[in-house]
Amino acid sequence: MASVRLESVVKKFGKVIAVNNVSLEVKDGEFFILLGPSGCGKTTTLRLIAGLEYPDSGRIYIDDKDVTFLEPKDRDVAMVFQNYALYPHMTVFQNIAFPLLLKRKKLGLTKEDIKKRVLEVARLLRIEELLHRKPGQLSGGQQQRVALARALIRRPKVWLMDEPLSNLDALLRLAMRAELKRLQKELGITTIYVTHDQAEALSMADRIAVMNKGKVIQVGTPDEVYLKPKHVFVGTFIGAPPMNVIECRIEEQDGKYLLQCPGFTREIPQEIMASKLVKTKEIILGIRPEFIEVIESPAPDTIKGKILVVEPLGSETILNININPENEETIIKVKLPKITKKFRPGETVFLKIDWSKVSIFDKTTGFLLE
Amino acid sequence: MVSLYYRVRRIRLSTIIINIVVWFIAILWLLPFIGLFMVSVRPYSEVVLQGWWTILGGHYTLNNYIQVLTNPMYDLLRGYMNSLTIAIPSTFIPLILAAMIAYGFSRFSFTAKNVLFILILLIMAVPQQTMVIPMFFMLKAMGLLNKLIGLILVHSSWGIAWIAFFMRNYFNMMPREIEEAARVDGAGWATIFFRIVLPVSLPALASAAAIQFTWVWSDFFFALMFIYSPEKMVITQKVVTIKGQFYVDWGLLSAGSILTMLVPLLVYAALQKYYLRGMVGWASGKG
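Residue numbers (our numbering), protein chains in the order written: chain A, 10 to 379; chain B, 3 to 289.
Hints listed in this document are in silico derivations from the structure and should not be mistaken for laboratory results.
Among the hints, erroneous ones may be present.
Unchecked claim - Here are the computed lysine-lysine pairs in the BS3-like style, where the Cα-Cα straight-line distance is at most 25 Å: (1) B:K115 with A:K24; (2) A:K21 with B:K245; (3) A:K361 with A:K265; (4) A:K288 with A:K265; (5) A:K82 with A:K36; (6) A:K342 with A:K237; (7) B:K245 with B:K234; (8) A:K290 with A:K366; (9) B:K275 with A:K143.
If you're wondering where the values come from, they're calculated on a predicted model, not measured in any experiment.
With the rest of the complex left out, here is chain A:
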């Protein structure tokens, strides 16, 4: 178990800055997830921690020991790769035992000890009956377990995982998600996990670092990044469907501040009133689809809209509503928890926004105005 700290880490590949001044702190025993779209630098960050890449500047610490330029073998980390990277010519037993065999003398282990440890880990991951097979004879899920076992056997300080579930089918992925989380909590190994799947991140992480274009945009608990996104990117990247964003202007009229949005204009609600806000002219208003109520008849403080598409998803329904008759593309997505009424495309409805849940972002920087 260990803590991991990155200080102003920069990694360039030619002219491309893959990791741009990233500073992070992962606590002891934490399940920490690096989340972001492909090409955002999350895998490079993980590889820097593993020692498979060296940074151009910045430092990396594991348990306060500077490991920036240490070889991977000297960092006491274990890694699970996206394609599992099992050794194809070795049996499952040999694959799992390999890290221990390499450190046999250093750890003072006998062959019997190694066998015992392999069986122990195999039992934990329920792969005892596969030990004599070769990786080519295993299913994706089984290969994944072997890769996890190989990463566990050495009892590393830090467990690094690079999208380990992305090659599994949807059902197996769900099952493995829960199992991984259980395993991590049971063993208490500090884990840094890379994924582009926001559902995976929200469901598994203790804390999430959302990355974009090589930078860390926000670090927080799943609730924090979901409910209080610090940047419009975080709001729109996380959530299914993502946060609704509407570009609006703030105008001062007779000492009052008006919020002018496509389709509606109103005085700035008390809930979001802030000094920083009124100084900014151009803003982005962000609201999650579940914080909008749909009313059938006109009511005060509502926005008129027309239903374009109804997406029933079983446990919930998503409505695509146009709020600007002049522009068909001004669409608000609303998530209804259950079907109380059957809505139809073409119907006129009224939207009541929960203003206490609204996030206001600066249009030029994209950052939250607090």
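Use these hints to put chain B onto chain A, whose structure you have.
Here is chain B on its own, set in the frame of chain A:
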């Protein structure tokens, strides 16, 4: 009946044409060998009277083979031994050295890497004949002329260039993740190379081994230049001695030729499983 109709219909015209062409080429390719084989198993008198290609009728005998192997005048067995003594190390020495060189070229960056690689390509392009005189003097200076070890060195160094080129291409296509996994697991470069990379590259190594072995085994030119004592001559040199100055026993010569071919054929047959995969490379492999 219906299913048969569909089955017949499903065979495309292009498939038929491709099959005909392939069979035609294959038979054309094999015909000289069949002729050679027929000559080797029939008495000389029948060959002279009935021609090369008579397959049916006549007598069959292994006399030519027995003659060629046991008659001390031809001494083919010694040629066999000498060829094996040269071909085996001349296959394994360049194979292991070239694999290491290739791995270096594929995975590490170092000064003048590209220049060195171009040098390897140039060496591959140089005809053996142009190098034979300097090599002759080098071997002479080292006291390795007319010695099997000298020929082993020549073949090994000649093989390193093309095997390094071949293996580098293979390593370049090889996914790097398993090596990275090994690095994280605690392996150093030597462990990665010998315990992960080499076993995984077995198909490519087998292909290279089969080709290099065959080349060395079939070599006549270098052997002719650097070996001149009859007791040190290799099989390709020995076969030639079967042909007399005034009289050629085609039966004996054919048997000798077939015996010479036999070893590379066996090597190919033994390694077939690997070298087919090695030639296809990673393209068809599972991810």
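Query raised in the report: Is K290 of chain A close enough to K366 of chain A, meaning Cα to Cα at most 25 Å?
Result: 21 Å, holds
Query - Distance restraint between K245 of chain B and K234 of chain B, which requires alpha-carbon spacing of 25 Å or less - result: 19 Å, holds
Query raised in the report: Within 25 Å, alpha carbon to alpha carbon, are K288 of chain A and K265 of chain A?
Result: 13 Å, holds
**Report entry** Distance restraint between K21 of chain A and K245 of chain B, which requires alpha-carbon spacing of 25 Å or less
**Finding:** 69 Å, violated
Query raised in the report: Regarding the pair K115 of chain B and K24 of chain A, is the alpha-carbon distance no greater than 25 Å?
Result: Answer holds: K115 of chain B to K24 of chain A is near 22 Å, not above 25 Å.
Query raised in the report: Is the hinted pair K82 of chain A and K36 of chain A satisfied, with a Cα-Cα distance of at most 25 Å?
Result: The given pair, whose Cα atoms are some 22 Å apart, holds under the 25 Å limit.
Query raised in the report: Given the hinted pair K275 of chain B and K143 of chain A, is their alpha-carbon gap at most 25 Å?
Result: 18 Å, holds
Report task. Verify the proposed pairing of K361 of chain A with K265 of chain A, using a straight-line Cα cut of 25 Å. Result -> 22 Å, holds
Query - Satisfaction of hint between K237 of chain A and K342 of chain A, Cα-Cα up to 25 Å - result: It holds: about 19 Å lies between the C-alpha atoms, which stays within 25 Å.
When the structure is compared with the earlier hints, a violation turns up for hint 2 alone.
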